[in-house]
Amino acid sequence: MTGDTEEKRVKMVEKPKGRKEEVVTREYTINLHKRLHGCTFKKKAPKAIKEIRKFAQKAMGTKDVRVDVKLNKNIWSRGIRSVPRRIRVRIARKRNDDEDAKEELYSLVTVAEIPAEGLKGLGTKIIDDEDD
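In terms of the working numbering, the sequence shown has 78 at position 78, counting the first letter as 1, and numbering is strictly consecutive.
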């Protein structure tokens with residue numbers, strides 16, 4: 001019996017660094033409408049930014065999420081209460097160059113260009129990094 005618990009303890013300690021450790025860029029469509037349903041008008045745009053942060057945290061597995069200025073402007077473009085129903089975002093998991101940072105990776109969320117056909121049928125797309 002004690003041998004089994006010893007093995008389990010060893011397995012718990014030796015967590016393999018899985019796919020969450022690699023640098024990757026993906027494009028997502030976030031349905032803000034369902035995330036902001038029932039939200040007070042005067043809190044819609046701030047809540048949308050918080051929901052995008054939460055989505056990026058869950059999708060990329062990083063605590064440190066940075067929202068691009070253009071994405072923020074896009075959310076706020078129609079005012080505090082008329083937030084777009086859906087938004088296409090590009091989330092990039094990057095290495096933190098700062099030496100004294102708590103997290104070694106962070107996520108950068110930017111707005112992606114929306115195709116002329118619209119957002120229907122677009123799934124998650126993995127982007128090959130051109131700049132890195």
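Bear in mind the hints are in silico, worked out from the structure with no lab data behind them. Misleading hints may appear alongside valid ones.
[Claimed, not checked] Below 25 Å or equal to it, Euclidean Cα-Cα: the simulated SDA-like pairs (lysine to any residue) are: (1) LYS58 - GLU117; (2) LYS63 - ARG53; (3) LYS94 - ARG81; (4) LYS50 - GLY123; (5) LYS43 - PRO84; (6) LYS63 - GLY121; (7) LYS94 - LYS34; (8) LYS120 - LYS94; (9) LYS102 - GLN57; (10) LYS58 - ALA116; (11) LYS50 - VAL111; (12) LYS44 - ASP97; (13) LYS54 - GLY121; (14) LYS34 - VAL111; (15) LYS34 - LEU108; (16) LYS50 - ARG78; (17) LYS102 - LYS34; (18) LYS125 - ARG81; (19) LYS58 - LYS73; (20) LYS58 - ASN31; (21) LYS94 - ALA116; (22) LYS54 - VAL65; (23) LYS94 - LYS43; (24) LYS44 - LYS94.
LYS50 and ARG78 were given as a pair; does the straight-line alpha-carbon distance stay at or below 25 Å?
holds, 17 Å
LYS102 and GLN57: Cα distance at most 25 Å?
holds, 15 Å
Hey, LYS34 versus LEU108, does the alpha-carbon distance stay inside 25 Å?
holds, 23 Å
Hey, LYS102 versus LYS34, does the alpha-carbon distance stay inside 25 Å?
Distance ~33 Å between LYS102 and LYS34 Cα, so the pair is violated.
25 Å Cα cutoff - pair LYS50, GLY123:
Holds. LYS50 to GLY123 sits at ~22 Å (cutoff 25 Å).
Does VAL65 lie within 25 Å of LYS54 when you go C-alpha to C-alpha?
Judged against 25 Å, a Cα distance of about 9 Å means the pair holds.
Between LYS94 and ALA116, does the CA-CA distance stay at or below 25 Å?
violated, 29 Å
Mind checking the alpha carbons of LYS44 and LYS94 for me, to see if they're no more than 25 Å apart?
This hinted pair is violated, its Cα atoms lying about 29 Å apart.
Is it true that the CA of LYS34 sits at most 25 Å from the CA of VAL111?
holds, 19 Å
Holds or violated: LYS58 to GLU117, with C-alpha atoms at most 25 Å apart
Violated - the C-alpha atoms of GLU117 and LYS58 are around 28 Å apart, more than 25 Å.
For the pair supplied as a hint, LYS125 and ARG81, is the alpha-carbon distance within the 25 Å limit?
violated, 29 Å
Sort out whether LYS43 lies within 25 Å of LYS94, counting only the CA atoms.
violated, 30 Å
The earlier numbered hints that this structure contradicts are 1, 3, 6, 7, 8, 10, 12, 17, 18, 21, 23 and 24.
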